[in-house]
Every structure is written in structure tokens, then in C-alpha cells.
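What follows is the residue order along each chain.
Number of protein chains: 2
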Amino acid sequence: MATDTESLAARSREAAGALARLPTATKNACLTELAGRIESGIAQIKEANEKDLAAARSTGLGDAKLRRLTLSDAGIRQMAAGLRQVAALPDPVGGVTRDTMLPSGLRVKKVRCPIGVILMIYEARPNVTIDAFALCFKSGNACILKGGREAAHSNQVLSGMAKASLEGHGVCPDAVTLLTGSDREEMKALLKLSQYIDLVIPRGGTDLIRFVHEHARIPMVQHFHGVCHIFVDATADVDRAVEVCTTAKTSGPAACNAVECYLVHEKIAPVFLPKLVARLAAEKVELRGDEATRKFAAGAKPATEEDWGREFLDLIVACRVVPDIGGAIEHIRRHGSNHTESILTADAANAGRFLDEVQSSCVLVNASTRFNDGFSLGLGAEIGISTSRIHAYGPMGLEELTTQRYVVEGFYQTR
Amino acid sequence: MATDTESLAARSREAAGALARLPTATKNACLTELAGRIESGIAQIKEANEKDLAAARSTGLGDAKLRRLTLSDAGIRQMAAGLRQVAALPDPVGGVTRDTMLPSGLRVKKVRCPIGVILMIYEARPNVTIDAFALCFKSGNACILKGGREAAHSNQVLSGMAKASLEGHGVCPDAVTLLTGSDREEMKALLKLSQYIDLVIPRGGTDLIRFVHEHARIPMVQHFHGVCHIFVDATADVDRAVEVCTTAKTSGPAACNAVECYLVHEKIAPVFLPKLVARLAAEKVELRGDEATRKFAAGAKPATEEDWGREFLDLIVACRVVPDIGGAIEHIRRHGSNHTESILTADAANAGRFLDEVQSSCVLVNASTRFNDGFSLGLGAEIGISTSRIHAYGPMGLEELTTQRYVVEGFYQTR
Chain A
12 MATDTESLAA RSREAAGALA RLPTATKNAC LTELAGRIES GIAQIKEANE KDLAAARSTG
72 LGDAKLRRLT LSDAGIRQMA AGLRQVAALP DPVGGVTRDT MLPSGLRVKK VRCPIGVILM
132 IYEARPNVTI DAFALCFKSG NACILKGGRE AAHSNQVLSG MAKASLEGHG VCPDAVTLLT
192 GSDREEMKAL LKLSQYIDLV IPRGGTDLIR FVHEHARIPM VQHFHGVCHI FVDATADVDR
252 AVEVCTTAKT SGPAACNAVE CYLVHEKIAP VFLPKLVARL AAEKVELRGD EATRKFAAGA
312 KPATEEDWGR EFLDLIVACR VVPDIGGAIE HIRRHGSNHT ESILTADAAN AGRFLDEVQS
372 SCVLVNASTR FNDGFSLGLG AEIGISTSRI HAYGPMGLEE LTTQRYVVEG FYQTR
Chain B
12 MATDTESLAA RSREAAGALA RLPTATKNAC LTELAGRIES GIAQIKEANE KDLAAARSTG
72 LGDAKLRRLT LSDAGIRQMA AGLRQVAALP DPVGGVTRDT MLPSGLRVKK VRCPIGVILM
132 IYEARPNVTI DAFALCFKSG NACILKGGRE AAHSNQVLSG MAKASLEGHG VCPDAVTLLT
192 GSDREEMKAL LKLSQYIDLV IPRGGTDLIR FVHEHARIPM VQHFHGVCHI FVDATADVDR
252 AVEVCTTAKT SGPAACNAVE CYLVHEKIAP VFLPKLVARL AAEKVELRGD EATRKFAAGA
312 KPATEEDWGR EFLDLIVACR VVPDIGGAIE HIRRHGSNHT ESILTADAAN AGRFLDEVQS
372 SCVLVNASTR FNDGFSLGLG AEIGISTSRI HAYGPMGLEE LTTQRYVVEG FYQTR
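From first to last, the protein sequence lines are chains A and B.
Quick note on the numbering used here: the first sequence kicks off at 12 and runs consecutively.
Quick note on the numbering used here: the second sequence kicks off at 12 and runs consecutively.
Heads up, some of the hints might be wrong.
Listed next, the stretches of chain A that the computed footprint assigns to chain B, with coverage defined by at least 3 CB atoms under 8 Å from CB atoms of chain B [to be verified]:
id: 1; stretch: 201 to 212
id: 2; stretch: 226 to 235
id: 3; stretch: 367 to 374
id: 4; stretch: 386 to 394
id: 5; stretch: 413 to 422
Just so you know, the hints here were simulated from the structure itself, not pulled from any lab data.
Virtual Cβ for every residue (Gly too), placed ideally from N, Cα, C.
Sequences are here, hints too, so could you generate the full structure?
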């Protein structure tokens with residue numbers, strides 16, 4: 012099995028060479044054709060998905076996982092729309108990020124080029140098969156997609172459509188490879204193939220990330236958990252702060268950029284907390300507060316030590332009253348996950364200090380943490396949100412799926 | 012011992028927080044002060060270096076290693092000059108690389124910030140202690156310097172001077188930490204501390220790189236071997252090509268950007284090779300050629316299969332005659348190390364094709380491979396030349412020692 016995996020990876024490497032130089036028009040044509048194939052193949056996709064769902068139900072897969080596994084008509088159309096969106100984005104490959112003429116007479120350019128072969132490891136969601144392929148392909152990378160076994164039938168149909176679209180335009184179908192096994196030994200073998208694979212991006216639960224971190228001998232960009240904080244400063248606009256704080260949880264309770272903890276300045280707590288509590292109660296959000304919070308938040312449960320730095324993945328938020336901005340920053344330093352933090356304030360000095368001292372991948376002033384994703388930040392699309400500080404920090408769009416090399420022109424200079 | 016290492020790393024992490032926000036002027040003052048301390052401490056540095064050298068001689072360390080270990084007056088002054096150079100370079104921290112106002116009204120900036128804690132692992136050269144500290148510090152990173160045990164006394168004195176310079180300006184001396192043990196178990200423990208260390212940069216021989224690659228659970232940027240090629244196309248300027256080809260080896264026979272293999276177009280071989288051979292002979296460079304090469308290169312030794320893709324680290328170069336540019340590109344694809352490749356040609360189409368199809372970290376037209384370093388490419392300085400395609404590819408200067416985060420300003424937008 013390891014040998015099969017290795018030969019597949021070797022073919023990905025081979026495909027990557029040509030992909031790096033594929034004209035933008037050809038890439039866009041492939042993506043657009045795939046969008047059409049998906050739209051006209053809804054019945055076929057749903058049939059495959061139904062097989063996965065039936066198997067999942069019979070093995071007693073939980074409701075949340077079943078939901079992620081399900082491909083609805085709207086979800087399928089969304090995949091097609093996503094492909095057309097990626098086709099419309101600028102091609103990052105060949106982009107010149109520096110162009111200087113040096114005293115030596117050398118003209119030195121820094122030019123974007125694909126990373127090479129990207130291994131994407133993900134769990135139940137079959138739409139990731141299409142989303143990840145689209146981004147890797149548009150940025151000139153070959154991809155190896157290791158989806159969850161639960162979604163094997165759905166992924167097989169989708170990657171088959173991708174391969175057919177490539178072949179229709181004379182592109183080597185090895186540009187996308189689907190692996191459906193769930194053998195951890197196979198995964199370990201895959202994670203050691205540094206001669207063929209340039210980057211691994213795991214997307215999934217903590218166990219998956221830890222497993223990859225432990226076994227990868229390939230560079231990894233991790234999309235780890237988001238323990239996001241909002242600091243409500245003394246000068247925040249109370250009503251609008253209630254709105255931002257509430258929706259930063261309710262608009263996506265299990266999203267990685269959802270707020271998990273409010274830090275409230277003690278001066279604003281008596282006014283702010285009662286309003287927040289009322290609003291959260293109306294939205295059925297559970298609040299877990301420290302003692303100071305509970306003085307103004309009737310009905311809040313006591314927060315335990317474990318509630319700080321916890322990703323609830325549900326309609327639950329922790330809350331702590333802090334004496335000042337320093338207390339908020341210190342709490343974030345100890346309990347944050349470097350994902351997303353926001354300050355709500357009218358005080359420019361405090362905004363500046365917060366932006367300066369909190370070094371998360373995305374730090375916001377007077378805006379919801381939910382804006383930390385590739386779409387909201389203007390990247391057009393994203394393959395994940397990195398909490399690694401190497402290569403990419405924050406949402407990874409097309410540019411973050413490239414690297415940069417030096418291209419130098421001279422007239423026979425020596426050194 | 013592992014616990015000691017861990018607590019040192021934890022202190023580095025602590026120091027990194029403040030370093031990220033240190034004013035440029037303070038950083039420059041520390042670097043300049045250190046330059047002064049080094050210049051006025053030459054006697055003290057040489058005394059420590061003499062201890063290392065005596066110990067090294069008694070254990071029978073080879074000549075090449077002894078040379079690398081030796082700090083001459085000129086070498087010490089060069090370290091001080093390097094510090095002043097780094098002080099004069101622009102501070103990358105806080106640099107804004109994108110600034111957009113989105114339709115949502117969010118102002119989104121991408122801002123350079125330090126990586127955090129950088130572990131540098133190197134071998135005999137004590138000057139790396141100062142060079143690596145200077146670059147890490149200027150880019151706002153704390154560094155852990157794991158130098159070779161042979162250089163322990165020299166490194167101790169140098170890092171002591173660095174710490175004293177920091178303290179003189181109120182900067183936490185934990186910004187630089189020297190480890191002098193050579194226990195591989197200690198190194199393994201260090202390479203697992205991903206909670207404290209953000210990046211490891213190994214610089215040294217193949218064994219060291221392999222060891223770090225095997226044991227690191229921390230992101231790594233590798234500075235691996237350079238097997239650099241020059242393709243002499245049919246239309247190259249013969250005399251200038253001889254000059255470039257010769258000096259690309261002789262100006263630094265063991266440098267990673269030195270040429271290791273000439274690929275010569277068969278049409279130019281009869282004119283070019285005899286001239287090249289004469290020039291190489293005068294410079295005492297050994298040429299190892301394939302059969303076609305030896306027809307025109309009297310005295311060239313036969314190249315064996317192992318000579319392709321080999322880093323000679325000496326006054327030796329391999330040579331192969333190729334039928335066309337495709338043959339050259341294919342040879343590089345099979346035997347290159349993604350470090351540096353150059354084409355010498357008057358044919359613009361071939362230059363374009365070479366730049367396009369050879370995806371090494373630095374590809375040159377009509378210039379010596381020796382130009383692939385941070386100084387020659389205009390970065391001001393470098394901490395190494397990465398052959399990893401992740402994070403940095405090619406020379407790593409100050410900018411490559413930073414990452415980028417998102418800073419977002421709004422007016423209570425929700426999503």
C-alpha cells in the first residue's frame with residue numbers, strides 16, 4: 012500500500028512540473044467546465060452522497076457529522092459557484108513582487124511560483140474536495156486530497172469530474188489525486204514523502220491536527236482551533252457592542268472565528284452586561300461568567316478555570332470582567348490561540364495598543380471576529396486559516412498557495 | 012537537562028513578546044553598541060577562540076574545520092561591520108504589504124510582524140553567533156543559538172557581549188540565548204518545543220540537516236546543499252562564458268552557490284570547451300566530463316554517474332554536452348537541488364524558456380550562480396539560502412524573518 016501511495020505521489024510531482032506553467036486561460040477553462048459538470052451532475056453526485064450517508068447512518072455517525080457529510084442541491088450549486096469565483100480571481104503565478112536594478116547591473120525580480128504538490132487532509136465535508144482542488148489548481152499546484160472515508164463515494168464522483176474536466180483541456184489528470192483509505196499507517200507513510208510533497212494542510216479536529224503534527228516530515232500549515240476574544244473597552248458604544256458580541260457567536264456558533272470569550276472593562280460592565288445578557292438570552296446563548304460578571308449578569312453560569320481558552324463550538328460564551336486593557340491583553344496572551352481578537356473602543360490609544368500588543372493572525376478594532384476569513388478580508392477565497400506563523404498566518408488564499416523565487420538577468424557579470 | 016532547555020525556551024518566548032514592539036532606534040542602538048564592544052574586545056574574543064582552537068587541535072579536528080573555527084582580527088572586524096550594516100537596513104516590522112478598503116467598510120491591512128522565537132543550529136563558525144543574532148534581533152525575533160561545541164568559548168564571549176549590549180539599552184537579555192551542549196538528546200528535546208519555538212533554521216552539513224528534519228516538530232526552513240548548474244547555450248558569448256563558468260567555481264569552491272556542473276550545447280562545445288579547459292587548468296580546477304565533453308577537453312577526467320548532482324565542495328566541476336536546451340533542463344530536473352541555475356545565451360526565447368521551466372530558488376540569465384546570496388540580490392544580509400519552497404525560497408533576509416498578520420479597522424460591523 013505504501014508503494015502505491017508513493018507512486019501516486021510521484022505522479023503528482025510529475026504533474027506539478029507542467030502545472031506550474033499552465034496558461035491562466037486553460038486553468039480557468041478547466042474550472043469553468045468543472046462547474047458545468049457539477050451542475051449537470053447533481054443527480055449523480057447526490058446518488059453517491061446517499062451511499063455515504065446510508066453507510067454513515069448504519070455505523071451510527073453523529074448528527075453534526077451527518078450534516079457535514081450531506082450534499083444538498085444548494086450545497087452542490089454552491090460548489091459550482093465557488094469554482095466560477097476562483098476562475099474569476101487573478102492568477103497569482105508569475106506575479107512580480109519585487110523588481111530592482113542593482114548597482115552590479117543585475118536586474119533582480121522576485122516572482123510568484125507554485126509551491127508544487129500540496130497534500131490536503133480533511134474530514135467529512137465532501138465540498139472541500141472541490142474547494143481545495145480549485146484553489147490548488149488555480150495557483151498551479153498539484154494536490155493530493157485525503158478525504159474522510161465516510162465521504163469516499165461523494166469524493167470519488169467529485170474528483171472524477173475534476174479529472175474529466177482537466178482531460179478535456181489536455182491537462183494531466185494527475186494534477187488531482189484522491190485518496191480514500193483511512194488507514195493511519197498509510198497516512199503516516201504519506202506524511203514522510205518529502206521528496207514528492209511540499210506542504211501538508213490538515214483541516215479538521217484536534218486529533219487530526221495532532222496526528223499530522225506528530226508524524227509529518229513535510230512542512231505543515233496548521234489550521235488549528237480558534238479561541239477568539241472580544242474586549243469591550245470602557246468607551247465602547249454599548250448598543251452596537253451588544254450587537255457585535257452577540258452575532259460574533261450566533262452567526263456561526265461552531266466556526267473557528269466565532270467569539271468564545273468576552274473581556275469586559277469593569278467601568279462599562281454595569282451598563283453593558285445587563286443588556287448583553289438580555290440579548291444573549293433571547294438568542295439562547297449560554298453565558299459563563301466570572302464572579303464580577305455574574306454581579307451584573309443575572310442567570311449567567313459560573314465560569315470554571317477550563318472555560319478560559321476553550322473553543323465551545325456551540326452557543327456558549329465565557330465572560331470575564333477585567334480592570335483595564337492590560338488585563339484583557341494578559342488574558343488573551345495566556346488563553347488565546349493566535350486566531351482572531353477584537354477590541355471595541357472609542358479610544359484611539361487603546362485601539363493602537365491592542366493592535367500592537369495582541370499578535371494574533373487577525374486583530375480587529377470595532378468589528379466582529381467573524382470577519383477573519385478569506386472572503387471577508389478580500390482574498391476572494393481561502394483554503395483555511397493558518398495559526399502557524401510560518402509561510403502564512405491567517406486566511407490562506409491563492410497568493411498564500413504560492414512561493415517566490417528569484418529571477419535574475421545580467422550581461423555576463425562574475426563575482 | 013531537558014527541563015533546563017525548556018525553561019530557557021520559555022524565557023525566549025517571554026522575551027519575544029516585548030521584542031516584537033521594540034522601537035527601531037533601540038534595536039539599532041543595541042546593534043551599534045555590540046559592534047563597538049566587539050571591536051574593543053578583540054583581545055578577549057581571540058583569547059576565547061584560542062581555547063577553542065587548542066581543544067580542537069588536541070582532538071584532531073580537520074584543517075577545513077579549524078579554518079572555519081578561527082576568528083582572525085579581520086574576521087572579528089567583519090562581524091562588527093556586519094552589525095552596523097544590519098543596523099542601517101530598514102526595519103521590516105510594521106511594514107504594510109497590503110492596505111485595502113473593502114465594500115463592507117472594513118479597512119484591511121496586512122502588516123509584517125516577527126515570527127517569534129527562532130532556533131538557529133549551526134556548526135563550527137563562531138561568526139554565525141553574531142550574524143544570526145543581528146538578523147533575528149533586527150527583525151524582532153528572540154533567538155536560541157545552538158552552536159557547535161567546538162566553538163563554545165568563542166560563542167560564549169560573543170553572546171555575552173550581545174546580552175550586555177541589550178541590557179545597556181534596557182532590553183531583556185533573554186532575546187538571545189546560547190546553548191553550548193552537543194548532546195543529541197538535548198537537541199531532540201529542543202526540536203519538540205513547538206509551544207516555545209516557531210522556526211528552526213539548521214545551517215551545516217547534510218548530517219545535521221537530516222537530523223533536524225527527522226526530529227523537528229517545529230517548522231523548519233532548510234538551507235540544504237547547492238548543486239548549481241550553468242547551461243552554455245549555442246549562442247553564448249564564448250570568451251565571457253569561459254570567464255563566468257570559471258569564476259563561478261574559483262571564487263568560492265565550497266560555497267553553496269558555486270557551480271558544480273556545466274551543461275554545454277553540442278553546437279558550441281567544439282569552440283567553447285577547449286578554451287574553458289585551458290582556463291580551468293590555469294586555475295587548477297579539475298574537470299570531469301562525459302564522453303562528448305572529453306572529445307574537446309583534453310585532460311578532462313571521465314565523469315561517473317555519481318558526479319551528476321554532486322556538490323564537490325572543492326575545485327572540481329562536472330561537465331556534460333547536451334543536444335539542446337531541453338536536454339539541459341532535463342538534466343537539471345533530475346540532478347539539481349533547486350538552489351541556483353544559470354543560462355548563458357543570446358537567444359531571448361531560450362532565456363525565457365529556461366527561466367520558465369527551471370524552478371530553482373534563483374535562476375539567472377547571463378550571470379554567475381555566485382550571485383545567489385542575500386548581499387548580491389539586494390537584501391542587505393541573509394541568514395541562509397532556503398531550498399524549502401515554504402515560507403522562504405532562496406536567500407532569507409530581514410523580511411523573510413517576519414510573517415504577516417491582518418489588522419482590521421471597522422465601525423461595529425457584524426457578519
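Comparing the hints with the structure gives:
1. By the rule of at least three residues with a Cβ nearer than 8 Å to a Cβ of chain B, the coverage given for the stretch 201 to 212 of chain A holds, with 3 such residues.
2. Residues of the stretch 226 to 235 of chain A lying with their CB closer than 8 Å to a CB of chain B number 4, which satisfies the three-residue condition for coverage.
3. Counting residues of the stretch 367 to 374 of chain A whose beta carbon lies closer than 8 Å to any beta carbon of chain B gives 7, which meets the minimum of three for the stated coverage.
4. For the stretch 386 to 394 of chain A, the stated coverage by chain B is satisfied: 3 residues place a CB nearer than 8 Å to a CB of that chain, which reaches the threshold of 3.
5. Residues of the stretch 413 to 422 of chain A with a Cβ under 8 Å from some Cβ of chain B number 9, which satisfies the need for three, so the listed coverage holds.
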